[in-house]
Structure formats: structure tokens, C-alpha cells
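Protein sequence lines, in the order shown, are assigned to chains A and B. Using the numbering used here, the first residue of the first sequence is number 1, and each one after it goes up by one. Using the numbering used here, the first residue of the second sequence is number 267, and each one after it goes up by one.
Calculated directly from the structure, the hints in this document are not laboratory data. This one's a predicted model, so the numbers in the text were calculated from it and none came from an experiment. Backbone N, C-alpha and C define an ideal beta-carbon position, used for all residues, glycine too. Any given hint could turn out to be false.
[Said to hold, decoys possible] Ranges between beta-carbon positions, derived for each pair: (1) B:305 / A:263: 20 to 28 Å; (2) B:278 / A:235: 50 to 58 Å; (3) A:102 / B:560: 43 to 51 Å; (4) B:398 / A:259: 30 to 38 Å; (5) A:20 / B:558: 46 to 54 Å; (6) B:561 / A:102: 43 to 51 Å; (7) B:427 / A:179: 39 to 47 Å; (8) B:508 / A:89: 54 to 62 Å; (9) B:304 / A:250: 41 to 49 Å; (10) A:89 / B:291: 25 to 33 Å; (11) A:110 / B:413: 29 to 37 Å.
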Amino acid sequence: MRKPKPFIEILSSSLHGDYKFPILEILAFLFVLSSFVFTNIGGWGSTGASEEFVVFSIIRSLMGLPLFILVMLLLKNIASGIGNDLEKGTIQTLLAYPLKRRSILTARLLSAFGMALLLFLGIQISALYILTPDMVAPNLPVVLLSYAANISLPLFIASVTLLMALILRKGSLGVIVGIMFFFLFGILSSLVSFMSQAMNSILPMQLYSLVSPSFCLDFYYGSLQSDHVFWAPSFSEALMYVGAGYGISAFLFCLSYFYFCRRLNL
Amino acid sequence: MPLVVAENLCKDYGKIVAVDSLCLEVNEGSIVGLIGPNGAGKTTTIKMILGLMKPDRGRVEVFGKNPWDDPKIRSDVGVVYEKPLFPAGEKVSDYLERVCRIFGVDESRASEVLKLVNLDEANDRPIKALSAGMLQKFAIAHSVIHEPRFVIADEITSNLDPKARSSLLDLILQLHEDQKVTFLLSSHILPELSRVCDSVVIINKGKVNAAGSLSELYEKFTARTIRVSSDKPHELAEAVKRLPYVEKVETDSQGISVKISKEGDDAVYQDISKLARKIRAKILGIETESTSLEELYKVVVDSEVN
Chain A
1 MRKPKPFIEI LSSSLHGDYK FPILEILAFL FVLSSFVFTN IGGWGSTGAS EEFVVFSIIR
61 SLMGLPLFIL VMLLLKNIAS GIGNDLEKGT IQTLLAYPLK RRSILTARLL SAFGMALLLF
121 LGIQISALYI LTPDMVAPNL PVVLLSYAAN ISLPLFIASV TLLMALILRK GSLGVIVGIM
181 FFFLFGILSS LVSFMSQAMN SILPMQLYSL VSPSFCLDFY YGSLQSDHVF WAPSFSEALM
241 YVGAGYGISA FLFCLSYFYF CRRLNL
Chain B
267 MPLVVAENLC KDYGKIVAVD SLCLEVNEGS IVGLIGPNGA GKTTTIKMIL GLMKPDRGRV
327 EVFGKNPWDD PKIRSDVGVV YEKPLFPAGE KVSDYLERVC RIFGVDESRA SEVLKLVNLD
387 EANDRPIKAL SAGMLQKFAI AHSVIHEPRF VIADEITSNL DPKARSSLLD LILQLHEDQK
447 VTFLLSSHIL PELSRVCDSV VIINKGKVNA AGSLSELYEK FTARTIRVSS DKPHELAEAV
507 KRLPYVEKVE TDSQGISVKI SKEGDDAVYQ DISKLARKIR AKILGIETES TSLEELYKVV
567 VDSEVN
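Bound-form chain A, shown alone:
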């Protein structure tokens, strides 16, 4: 009798399902291509911008398309992983194994999110080092904060999608909701700036920053460059929004865990 390894086996089967050849290879290629091709690294010297602002701006341009690919990958993994299990009923087979429900969900999420984030961040940080070798180490807090702020929205969208997929028991429907959310937030970022100026209040911006803290960070670094910005949040305020963004996503993930482990009847 060997030692049972249910968690490792479910994780390995999830990885096998989520990143079947050539999904991982194509994604890595797209991440690398979009990281190097669309990044704006030139011309910052003549603007007189601070190094912090330059690093933040480079990271923003470095993340543009890869962030979109990351969101799509997370949504696809939710649909084909736990969503598919619920839709097709294979979750019942998983629940025939001596494994807690939370371990099954953790294995599925580690595969869906962990691997995708690892791939995304690995390529991003490598690209940043290759493109701006002298700027990363001295500005590590800016790098970390920028990534943390920018990944918060994809995580929020993924957590909403997961919860929807669990409640609706249909991965595909959850993904449609997730894609709608992603584009909605893109439109909302322009809309809240307009609303704030029309209302002469920063409240819409603050509310939006709760789920998309990179919006607040934009204003924070913008305010370092110019005094004429509509909203000039402090550094601690920016940090607070990043924390709040992760807090909301963590709450939604906990809700998903609670629903899956204690409420979901199959």
C-alpha cells in the first residue's frame, strides 16, 4: 500500500486539462511577444519625469496586452476546470475520492490561477530586466506595487466569475459574465473620470479604485509629475486601495469556498 496522494493527483490532472499542448506554449509566446513588441521604453529621458514615474509607465505599457491575455486565460481555466466539472458532472467523480471539497477547489484554483500568474509574472519580470536592466532593482517597491495594483482587477473579475460559475453551475455562463465585467471596467475607467469632474467629487474615482487600484496608482504617480491633477492620492491611500482590492477579491474567493464546501448540493 502506497501513501495516497489525492491532492497532488487532482492538481496534476487539473494542470493537464488546463494547459494541454500547445496552450501553454502559445500563451508563453504571446506573453513574450506582446511584452517586448508593445512596450514603450524610449523617450523618457527628455520628459524630465521622475524615475518612479518612468518605471510605473514602462510597466503599464509592458502589461497592456499580456494583462488582457491573462484575464482571458483565467476565465478559460475557470470554465474548463471547475465550471466544466460542474456542468458535465465530473465533480461527482472527484467527490468519490477521499479528499475534502476545499482541497478539490484549491487544486483546481492552483492550476487555473497559480500557473497562469506564474507564467505571466515570470515573463513580465524577465522582460522588464532585459528592457530596463538598471531600473528594476533600485525601484523594486514601485515594480511590486505596480504589479500588485494591476493584477488586482483580473483577480476580482476571476473571483466574480468563479462565484457565478459555482452558483450557475455553468462555466461558460460564468465566463461570459467575466468578459462583460472586464470590458465594463474598461469603459467605467473613462466614465468615472468624467463623472467625477462633472460632479466635482472624487467619490466615483475612489469607489472605482476599490476594485481597480491601478486607477488610483495612475493618479498617485501623475500627481508626482504635475500639481494640476484632479485627484492626488497619497502613497498610503494608494496602498490602502491596493489592499482593499485584494480584500474584496479574497472575500469573494472565501464566499466561493464557503458555497462550494458547505452549500453546493450536487
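Let chain A serve as the given structure and place chain B on it in line with the hints.
Leaving out everything else, chain B in the frame of chain A:
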């Protein structure tokens, strides 16, 4: 000793009551049949026993533990679902070897169980390439791979042809005899259940209508039918009808079929012989007809409706 104890189990789907105060026991070493019409609550009951569903009220224990809270009991439980659900893209042998690692049994067990269900030639096929019958066999191989003490099977024979059904029932009996595996089987094909089960639970509208060994239930719910061959069937029928314990008499050219209640058990042969002598009819043969599980099931469900 009961492996499964369910007490006052209740489960609603909104306004629909799927299971209503259901009580059930499955003793170690037995083969129990769970029968009932469509929508009777069989699958819901099985899901609560497996811990896939939480009862709204009541208690269910498997090996003395709550299956919803304690997944470890599944190390000793095998499951065959009505519709086998496996990742379609994986190869038969790869998937079973993975299941071996999950349960911590030697990977060679995968080929053993495939051989056991006569599926060893499909070893290298992807699961999606299996026919419905092969998939059912695969599900059975999957359910016994870790040598469980208890196997729950929902409509286990539904996708199999008669020959495959027969060999599956032989397999159940073999596992039961060799490894003392306890089974809870739900099936619509009642003659098969009567071949393997030593007791049945008949449920309807979420409630247990009857439970016990087959002989006990036949005794309790069905009238005995006596077949009498005679040269004067019509005259004999008229005379037999007057016996107080006779419920129904059917006549044909060869003889009569007499349905009697329990009270007539001891006297019926003697009384019919006496009556035959009185009307000068010859008795060419007399025997008790056996009642099928299907008839028993109809009687139990009909008695509840009435």
C-alpha cells in the same frame, strides 16, 4: 452491523419533496436493492449517503461517520453513477493508474480491474472512445479499484446488453462472496435485483414503503397463488370461490389459479382436495406459483397509492 444508517432523512427541491423522513439501514455483508418508480427519491437518497448532498433534516452515517463532513470514509466506498462521468480525453489505463495513486494502491491494480470487467482490450483507448456499455464496465472497474468494503451503484445495469448484465451480476456476486463487499444497488430492472439482492427497500414519493428480506416482503405483501389443474375447472372455480380466505379465482381450460390470503396458508391444499372430491372433479396437479419481485413491487406501490 449496519454500514449505512439513515434516519428521518428529508430533502426538498423548493416545493418538491424528494425525500421525506426516509429511514434505511444497510447491514455489512448484504446486497440491498433500492427500488422505486421514477422520481421516488432513489438518486437523492444515494447522493445523501455519498455526501454529495446535505440532508435538510435527519441524519445519515456511513461507517458511523457523516459522509458530508468526513471524506475519508470514501477510501472504503466505491461508487457507480447512473451516468458515468469521467474526463473524456484521458486514456483508460492512464486514468485508472491516476485513481490508483489517489487511493494509494499499486498501479498494477488498474490492469487487474480492467481484466475483471473484461475491458482489458480497451486499455489504450481514450475514455471518450468507449461505448455506453464499455463505459459502464469502466465505471464498475473504477468503483472497485481500491477494494472498497461498500459499493453504491445507481442504475448499474442500465446501459448494458442482457449478456453483459448477466456477467455484471455474476461479478457482483463474486465480489460479495470473495471479498465480502456490501452493495446498495438501485435498478429499474427488477428481475436482476431479485437474482442478487438478499433484501430490498421499496421507496415511493420519498418514503420507504417496505423494507426487508425478499422472503419477508413476499410473506407480508403478496397473496399466494395456487395453480390447480383439473378436468372440471369451471365447477371447481365456483366451489373454491366460497372459501373464506380466497381472494380471486381465474379459470382457463386447463385449470384454475387461486389467490389466497395468509390465513389460508395451512388449509388450502386440503380444502381444495375436499371440494374437488365433493363435485367429483379430478385434480391433475396442484402447486404454489412464485411471485416475482416485479409483482411484489407493484403490490407495495399500489397499496401505498390506495
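Checked hints:
{"no.": "1", "hint": "B:305 / A:263: 20 to 28 Å", "in the structure": "24 Å, holds"}
{"no.": "2", "hint": "B:278 / A:235: 50 to 58 Å", "in the structure": "54 Å, holds"}
{"no.": "3", "hint": "A:102 / B:560: 43 to 51 Å", "in the structure": "45 Å, holds"}
{"no.": "4", "hint": "B:398 / A:259: 30 to 38 Å", "in the structure": "33 Å, holds"}
{"no.": "5", "hint": "A:20 / B:558: 46 to 54 Å", "in the structure": "51 Å, holds"}
{"no.": "6", "hint": "B:561 / A:102: 43 to 51 Å", "in the structure": "48 Å, holds"}
{"no.": "7", "hint": "B:427 / A:179: 39 to 47 Å", "in the structure": "46 Å, holds"}
{"no.": "8", "hint": "B:508 / A:89: 54 to 62 Å", "in the structure": "60 Å, holds"}
{"no.": "9", "hint": "B:304 / A:250: 41 to 49 Å", "in the structure": "44 Å, holds"}
{"no.": "10", "hint": "A:89 / B:291: 25 to 33 Å", "in the structure": "29 Å, holds"}
{"no.": "11", "hint": "A:110 / B:413: 29 to 37 Å", "in the structure": "30 Å, holds"}
Of the numbered hints stated above, none is contradicted by the structure.
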